[in-house]
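In the order they appear, the protein sequences are chains Z and D.
Quick note on the working numbering: the first sequence kicks off at 976 and runs consecutively.
Quick note on the working numbering: the second sequence kicks off at 1040 and runs consecutively.
Keep in mind the hints are simulated off the structure, nothing from the lab.
Mixed in with the good hints there might be a few duds.
Each pair of labels, with its calculated beta carbon distance range [to be verified]:
no. : chain 1 : residue 1 : chain 2 : residue 2 : range
1   : Z       : L1079     : D       : M1399     : 57 to 65 Å
2   : Z       : A1437     : D       : H1329     : 52 to 60 Å
3   : Z       : L1085     : D       : K1217     : 54 to 62 Å
4   : D       : P1394     : Z       : R1073     : 40 to 48 Å
5   : D       : E1103     : Z       : R1073     : 50 to 58 Å
6   : Z       : Y1151     : D       : H1163     : 52 to 60 Å
7   : Z       : A1437     : D       : E1164     : 51 to 59 Å
Heads up, simulated BS3-like pairs for lysine-lysine below, C-alpha to C-alpha not over 30 Å straight-line [to be verified]:
no. : chain 1 : residue 1 : chain 2 : residue 2
8   : Z       : K995      : Z       : K1365
9   : Z       : K1274     : D       : K1104
10  : Z       : K1153     : D       : K1192
11  : D       : K1341     : Z       : K1153
12  : Z       : K1274     : Z       : K995
13  : D       : K1051     : Z       : K1075
14  : Z       : K1259     : D       : K1148
15  : D       : K1220     : D       : K1206
16  : D       : K1142     : Z       : K1274
17  : Z       : K1077     : D       : K1104
18  : D       : K1142     : Z       : K1075
For the chain Z half of the interface with chain D, some residues (derived, Cβ under 10 Å), not all of them [claimed, not checked]:
no. : residue
19  : D1034
20  : Q1035
21  : T1072
22  : R1152
23  : A1164
24  : M1168
25  : A1169
26  : V1173
27  : K1179
28  : W1268
29  : Y1277
30  : K1279
31  : A1280
32  : S1283
33  : R1284
C-beta atoms are modelled at their ideal positions from N, C-alpha and C, and glycine is treated no differently.
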Amino acid sequence: MNRRMLQRKITDALNVLSSKKAVKYAMYLAAVILFFVLILVPPILGIAIKWGTIQQVLDQPQIIGRALSSVANSFAIALLVSALDVLAGIPMAWLITRGKSKWLSILDTLADIPFIVPTAALGYSLLLFWNDPQQGISSLFGGSIVSTGWLLVVLLHFTFSYPVVVRVLVGALLDYRKEYEQASRTLGAVPFMAFRTVTSPILKPSLIAAFIMSFARSLSETGATFIVAGAFENGPVFLQNMKQGFSDGLVTQATYEGATVFASVILIAISCTIFAFIRIFGSKLKLPFKGMWPNIERKLSYSKAAFSRNTITMIVFVAIVLLPALFVALPAFQAVFTKTLPDAFLGSGVWSDYWQSLLVSYGLGAIVTVLGFIIGLPMAILIARKKLGKSLSALLDILVNIPLIVPSIALGVSLKFFWKDSFPLMPEMLLLIFAHLAITYPYIVKSMAAAFERISMDMEEAARTLGAKPFSVFSTIIMPLTKYSILSGAIMVFTRSVSETGATVAVVTSLRTAPVVIVDWVKGIVPATSLEIGLGCGLLILLSFIILFALRLVTRGKGRY
Amino acid sequence: MPDVRVANLTKKFGEITALDNINLHIHDQEYFALLGPSGCGKTTLLRLIAGLIEPDSGEIYIGEKRVDNVPPEARDIGFVFQTFALFPHMTAWENVLYGPRVKNFDLKKAETIGDEVLEMVKLHERLDAYPNELSGGMMQRIAVARALAAGAKTLLLDEPLGQLDAKVRNEIRYEIRKMAKDLNLTAIHVTHDQAEAMSISDRIAVMKKGKIVQVGTPQELYLQPSSLFVAHFIGESNFLEGSVVDSSDGELEIELRGGVKVDAVGGVGKGERVVLAIRPEIFAVEVGTHRRKNTLRGKIDKITFEGTFIRYVIRFESQDSVVVIRPSLAETWMSIGSEVTLSFEPKKAHVFAYPAAGLMEEISV
């Protein structure tokens, strides 16, 4: 039997299977069960198992005080950073989509750069740029210009959320029908007024989405924050410090577990409340449309103001986002011309750990991406095609988002409690896979569901009337039309998994991923020279750049029909 | 008082010339249509007048004021979009009040204006509804009301009826014209529908491939088309190819394909290749063979009953055919295969020199 016939047979078999209602529902049921068993329930149970340990810290006011103030810091910083990112992202997205210069496509690409720098490397890069008295802009002022602490954390979070916010807003502006704005102009509104009264209310869902993404990222990020925080503590850094304190023998296991559960519960509870609030009231929130200030708004719209707006936008982008993010390239290049490079390739000294951690990181990323795709696909179809009815599908849609808004270190902590207590012999790698699966699950499901939703039902129905069975419809119509958006969703999952630090440090004790290694080097937990750290970061950036570049080549000009 | 003038206006999109050196003068308080097939540049011209896009070269005047460097909000125009572009986050009433509000009128004055224009478009119910809850006809009325409420003296309409079904379209088009006339507005109405343009316009500019081919009243365009394209695009015409065998004082004798000779009127020299354009209703039809002046003989090939009219396709021995339209009530029925004699008055046929690019290319849209 040749290959074609075999293929044909398999397709036929799958078609027969897919036509059976029982098979279809078994598949959807499996997806829902896996979602509950692997993603949603373990973190909740993990917290529940250790609930009692809170007692251990309730009579330690100092620990409670630290936990509370660190959580407060987390939300204050997330709020500040998200507001700043949206404010800075709007004029940038505007410039990219509406500007007339041919250089804008380069700007568009540059705005993505912080995205390809894994956050741990980004943290180190910012530390060098803002804080190191010998290098960066600080060297010009004869001392650190920004000391480690909350301001550096704000700068860091602003930088890593910037490309995400700009990407969301650029997408929204490209989809936005310009006629609304033009209608407003012909009715007498100057450009700024048109933006305020028409464009921004219509784009409000995207503005909220960008804000939420930035907010959630800021709450979750651990590795880079730990690098630049110094003595400052936000939620993830507090949890990390407690863990470090426990392994250094400074705090007891009971105190460590109690403080961890206490801080995690508060983090999770507040962030769920905030997101629920945004979800319920976000759509009702109306921007005030009462006043009109024709003269002020005219001044803001034309020539001078627009010019200085663009100038400020560019300065913020270059000085606060681009240069600091890429600054680590400097020691990386220096390292290339010293003994550090041959050392690295020979794997001597700290490097053998480094290469091993890269293997772990990329292997883990690949496994998580594939598994996520397999268990996420039926869920995405359920949500996109509302297979379980409108309200149940909407409920699933909300539930799927939960891992996104739970700070990843808190998620990791509770996952560890659950799996380690239930299955003490579980290998760490499996635990890591579960943790990363939980964190990345929303990304893969959301991106696939969005891609499926864009395909009109007519297309499927046309295929069915022409005689295609369900599996054939999927493989010949839906897959070809969505493969590029699914591929970019998969890449997002992969890069997220590779740079994830919070949940990773929470669940493992011996296994080390690349960002964990970088954090250990920078914090001096493992002694490494600055050239070694620089090169380590540089190689990490190079690898993720190659992966993203390859993706751009594959998807360029495709996937749009 | 706003007349609208454009001079030497050119607009390119990349390699494509959307508008090629356009000159046009639209009078104050005129209802003017820009008519042409899709891609002819009519919408581009309207958007240039509104200031939604900028010309590569040329001048635009609204009233005495040169406006090609003036932003749209300062041009004092109202614009009705093909897709209506009603703001989805505002109710119908808020949409209507938007113009007065951004012009910073006080609320009372804005509401008075809103009431007046809604009176005009005869829409008073469902004002608290959002655009996605309204029918196409209602959205259209709100879109017009919104443009009028801004108080502009020039109204620009981009295929304003394109999204409506036939019945509503026919009702609303006369209402729009009446409102423009009642308010003494200068209106420029873009459409690809020649029946729509003919029925509501004072004058029409017919456009083709970025150029204006003829400007005139509906009657002028119908009765005196200046080109084969206009003869074809406005109303309906039969085209018969032939050559001039005799020409004196503008009276022509033309030999058609197949050797039949007919008389016509025009300034074409002897020996020239020509195309004769004859409207379907010009022909007189009689069953059988009759001796008349200026006749063509053929057989009925096809009959279509269209209610008010009957349409016959009549094929000649040369295998060329023509369409003939007769009022259905006045008609003694003729049947397929009948031999008929057609005749027409020489001065009612239009004679055009045979186009260099070929007949099909010339009349293609």
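We went through each hint and held it up to the structure:
1. At about 44 Å, the CB distance of Z/L1079 to D/M1399 disagrees with the hint of 57 to 65 Å.
2. Taken as a hint, the range 52 to 60 Å holds for the pair Z/A1437 and D/H1329, whose Cβ atoms sit roughly 57 Å apart.
3. Evaluation of the 54 to 62 Å hint for Z/L1085 and D/K1217 yields a pass: the beta carbon distance comes to about 56 Å.
4. At about 44 Å, the beta-carbon gap between D/P1394 and Z/R1073 stays in the expected band of 40 to 48 Å.
5. About 32 Å separates the C-beta atoms of D/E1103 and Z/R1073, a value inconsistent with the hinted range of 50 to 58 Å.
6. In this structure the supplied range 52 to 60 Å is violated for Z/Y1151 paired with D/H1163, their Cβ-Cβ distance being about 32 Å.
7. One distance hint, 51 to 59 Å for the beta-carbon pair Z/A1437 and D/E1164, is violated here, with the actual separation near 39 Å.
8. Simply put, Z/K995 and Z/K1365 have alpha-carbon atoms about 23 Å apart, close enough for the 30 Å limit, and the pair holds.
9. Distance hint between Z/K1274 and D/K1104 is fulfilled; the C-alpha atoms sit about 22 Å from each other, no more than 30 Å.
10. A C-alpha spacing of about 24 Å is found between Z/K1153 and D/K1192, which places the hinted pair at or below 30 Å, so the restraint holds.
11. Only pairs whose Cα atoms come within 30 Å are accepted, and D/K1341 paired with Z/K1153 is rejected, the gap being roughly 49 Å.
12. Between Z/K1274 and Z/K995, the direct Cα distance comes to roughly 66 Å. Violation of the 30 Å bound is thereby established for this hinted pair.
13. Annotation: proposed proximity of D/K1051 to Z/K1075 holds, straight-line Cα distance about 15 Å (limit 30 Å).
14. Annotation: proposed proximity of Z/K1259 to D/K1148 holds, straight-line Cα distance about 29 Å (limit 30 Å).
15. For the hint pairing D/K1220 with D/K1206, the CA-to-CA distance comes to about 23 Å; that is within 30 Å, so the pair holds.
16. Under the criterion of a C-alpha separation no larger than 30 Å, the hint pairing D/K1142 with Z/K1274 is consistent with the structure, at around 15 Å.
17. For the hint pairing Z/K1077 with D/K1104, the CA-to-CA distance comes to about 33 Å; that exceeds 30 Å, so the pair is violated.
18. Taken as a hint, the D/K1142 and Z/K1075 pair is honoured in the structure, with Cα atoms around 29 Å apart against an allowance of 30 Å.
19. Interface hint status for Z/D1034: violated, as the beta-carbon distance to the closest one in chain D is roughly 53 Å, over 10 Å.
20. Because the beta carbon of Z/Q1035 sits about 51 Å from the nearest beta carbon in chain D, more than 10 Å, this interface hint is broken.
21. A least Cβ separation of about 17 Å between Z/T1072 and chain D goes past the 10 Å threshold, and the interface hint is therefore violated.
22. Hint status for Z/R1152: holds, given a least beta-carbon distance of 7 Å to chain D, under 10 Å.
23. For the restraint placing Z/A1164 at the interface with chain D, the shortest Cβ-Cβ distance is roughly 4 Å, inside the 10 Å limit, so the hint holds.
24. For Z/M1168, the shortest C-beta to C-beta distance to chain D is roughly 6 Å, which falls under 10 Å, so the interface hint holds.
25. The restraint placing Z/A1169 at the interface with chain D holds, with a minimum CB-CB distance near 8 Å, inside the 10 Å limit.
26. Of the supplied interface hints, the one on Z/V1173 holds, with its beta-carbon coming within about 6 Å of a beta-carbon of chain D, less than 10 Å.
27. Annotation: interface hint on Z/K1179 holds; nearest CB of chain D at approximately 8 Å, less than 10 Å.
28. With 10 Å as the threshold, the beta carbon of Z/W1268 comes within range of chain D, its nearest partner Cβ sitting at about 8 Å, so the hint holds.
29. Using the Cβ-Cβ criterion of 10 Å, the hint placing Z/Y1277 at the interface with chain D is satisfied: the shortest such distance is roughly 8 Å.
30. The interface hint given for Z/K1279 is broken, as the beta carbon of that residue sits about 15 Å from the closest beta carbon of chain D, more than 10 Å.
31. The restraint placing Z/A1280 at the interface with chain D is violated, with a minimum CB-CB distance near 14 Å, outside the 10 Å limit.
32. The criterion of a C-beta within 10 Å of any C-beta in chain D is not met by Z/S1283, whose closest approach is roughly 19 Å, and the hint is violated.
33. Because the closest C-beta pair between Z/R1284 and chain D is about 17 Å apart, greater than 10 Å, the hint is violated.
In summary, the structure is inconsistent with hints 1, 5, 6, 7, 11, 12, 17, 19, 20, 21, 30, 31, 32 and 33 from the numbered list given earlier, while agreeing with the others.
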